[in-house]
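Colleague: Chain by chain, the residues:
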Amino acid sequence: MTAMAQEGRVRVQISPEPFDPAAALTAFAAGRDGCGALASFVGYCRAVSGGVAVTGLALEHYPGFTERAVEAIAHDVAGRFAPIDVLVRHRYGEIRPGEPIVLAAALSVSRAPAFAAVEMLMDLLKTDAPFWKHETGPDGARWVAPTAEDRARAEAHRGRLRP
Amino acid sequence: MTAMAQEGRVRVQISPEPFDPAAALTAFAAGRDGCGALASFVGYCRAVSGGVAVTGLALEHYPGFTERAVEAIAHDVAGRFAPIDVLVRHRYGEIRPGEPIVLAAALSVSRAPAFAAVEMLMDLLKTDAPFWKHETGPDGARWVAPTAEDRARAEAHRGRLRP
Amino acid sequence: MAALLFFGALREASTGLPREIDLPEGVHTVSDLCAWLSARAPALGAALHAPGVRFAIDQRFAGPDADLRGAREIACMSALSGG
Amino acid sequence: MAALLFFGALREASTGLPREIDLPEGVHTVSDLCAWLSARAPALGAALHAPGVRFAIDQRFAGPDADLRGAREIACMSALSGG
Chain P
246 MTAMAQEGRV
256 RVQISPEPFD
266 PAAALTAFAA
276 GRDGCGALAS
286 FVGYCRAVSG
296 GVAVTGLALE
306 HYPGFTERAV
316 EAIAHDVAGR
326 FAPIDVLVRH
336 RYGEIRPGEP
346 IVLAAALSVS
356 RAPAFAAVEM
366 LMDLLKTDAP
376 FWKHETGPDG
386 ARWVAPTAED
396 RARAEAHRGR
406 LRP
Chain E
246 MTAMAQEGRV
256 RVQISPEPFD
266 PAAALTAFAA
276 GRDGCGALAS
286 FVGYCRAVSG
296 GVAVTGLALE
306 HYPGFTERAV
316 EAIAHDVAGR
326 FAPIDVLVRH
336 RYGEIRPGEP
346 IVLAAALSVS
356 RAPAFAAVEM
366 LMDLLKTDAP
376 FWKHETGPDG
386 ARWVAPTAED
396 RARAEAHRGR
406 LRP
Chain L
8 MAALLFFGAL
18 REASTGLPRE
28 IDLPEGVHTV
38 SDLCAWLSAR
48 APALGAALHA
58 PGVRFAIDQR
68 FAGPDADLRG
78 AREIACMSAL
88 SGG
Chain B
8 MAALLFFGAL
18 REASTGLPRE
28 IDLPEGVHTV
38 SDLCAWLSAR
48 APALGAALHA
58 PGVRFAIDQR
68 FAGPDADLRG
78 AREIACMSAL
88 SGG
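Protein chains in written order, with my numbering: chain P, 246 to 408; chain E, 246 to 408; chain L, 8 to 90; chain B, 8 to 90.
Hints listed in this document are in silico derivations from the structure and should not be mistaken for laboratory results.
Everything numeric in this text was worked out from a predicted model, so none of it was measured.
All C-beta atoms, glycine included, are put in the ideal place defined by N, C-alpha and C.
Among these hints, one or two may not hold up.
[Said to hold, decoys possible] To be clear about the criterion: a stretch of chain P counts as covered by chain B if any three or more of its residues have a C-beta under 8 Å from a C-beta of chain B, and this derived list gives those stretches: (1) 305–317; (2) 369–375; (3) 384–394.
[To be verified] From the derived model, a few chain L residues whose C-beta atoms are all more than 12 Å from chain E: (4) D29; (5) L30; (6) C41; (7) L75.
Please take these sequences and the hints and turn them into a complete structure.
Modeller: Okay, here's the thing in structure tokens:
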């Protein structure tokens, strides 16, 4: 029931367990009555990718560095839109089609910074978070690379974060 | 477990009952394995508005027309970003601080249209959905009006929807 | 006979006005109706010219030149504030 | 002695290479190391020049000119694909 502190909270959790995005969002928003706006994004393991069935996804990470890099992204974004609360939850390991991979959320007094923060979190996670997606399908496995658009979007944010 | 149909689903629910945004999101995303990206927004009744405590919010609506107008907004946005699933849930009546007022969500194959759809939904709901917020505080009650920025954002979308 | 509805701050400013009207002579459009209402209730007249006021005829948004003849339901709405 | 780590497609391209190295003579920077690795394993050399390849020294991102001397952990990473 406390109003939002000047310094927002930053929560990052990187783990191999499946998670429930709805429960995580509920816990994140609890008790922040001063905040009117919760924006969020959930990325799921698709059952079809580029027209091809996906039977499994292995998400490689770099223990220690992955956690640090995602914390750095979350703090950069929280600093850019302060005061704001920021949440990032990301899995690694074996993921099945339909399961959530990533949850990014931001809680703010008004909606514009909340939306902008979540979009920036996702853009930076795509290209600056040390994860490697290895998709398995009927014809074998392949490494997923960020698209040219992913790279351009993240590059635009980097200019704004570190001018 | 079906892949996303070419025509997305549009779900609109306008009701006086409190709702659980997390449960509504879970139901909305269920069984859409073809979709990788769920963006959403929850607007809560703030406990503090413009530096003043809010003790209650009465949300007036126009029975019949409110439902039609929100359906029209949801279909406009779904058409603009097709194929995409769109969800809008909105309360009316007496709302207590901390309770959700509105939930907007979009489920798509990739994140850019999902984000853009949710932002457009919220921008249009602010100025084109027939609701009237009447906030009660320690010094009496006041009607809430959209800000000049709210009006400008909605105007920009209208130009894009009906060129 | 048309129902005359007011929403938001306009509802408070319209106390005492009839909730049903036969269109008076010379009142064909939304702006004609505004002028007629303003003449009868000056406080309402000011509120009708506040930013963001919208109108609906038979539950469709209508501009100032929209024709009221045949309308069953005319709504005068203060600036909407959904979301 | 530094640990030499490979991630993503680079891990597959680096099979057979040592996972620990003493920096060879003349190898001072990240790009020196890339040249040295490419000479020993041409397939890896091609992969090291793929778009988006990044490097980290002791778990910090490092550019091609970063100094490797004193590093305990050197990571060669294919294009990251989080989120």
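Colleague: Now tell me, hint by hint, if it's right for this structure.
Modeller: Taking the hints in turn, this is what the structure says about them:
1. Only residues whose beta carbon comes within less than 8 Å of a beta carbon in chain B count, and the stretch 305–317 of chain P has 7; three or more means the coverage holds.
2. Requiring three or more residues with a Cβ within less than 8 Å of a Cβ of chain B, the coverage given for the stretch 369–375 of chain P holds, as 6 such residues are present.
3. Counting residues of the stretch 384–394 of chain P whose CB lies closer than 8 Å to any CB of chain B gives 4, so the stated coverage by that chain holds, three being the minimum.
4. Every C-beta of chain E lies more than 12 Å from that of L/D29, the closest at about 22 Å, which supports listing it as non-interface.
5. A cut-off of 12 Å between C-beta atoms confirms that L/L30 is not in contact with chain E; the least separation is 20 Å.
6. With a least beta-carbon separation of about 19 Å from chain E, L/C41 lies farther than 12 Å from that chain, consistent with its non-interface assignment.
7. Every beta carbon of chain E lies more than 12 Å from that of L/L75, the smallest distance being close to 16 Å; the non-interface claim holds.
Hint check: no violations occur; every hint is consistent with the structure.
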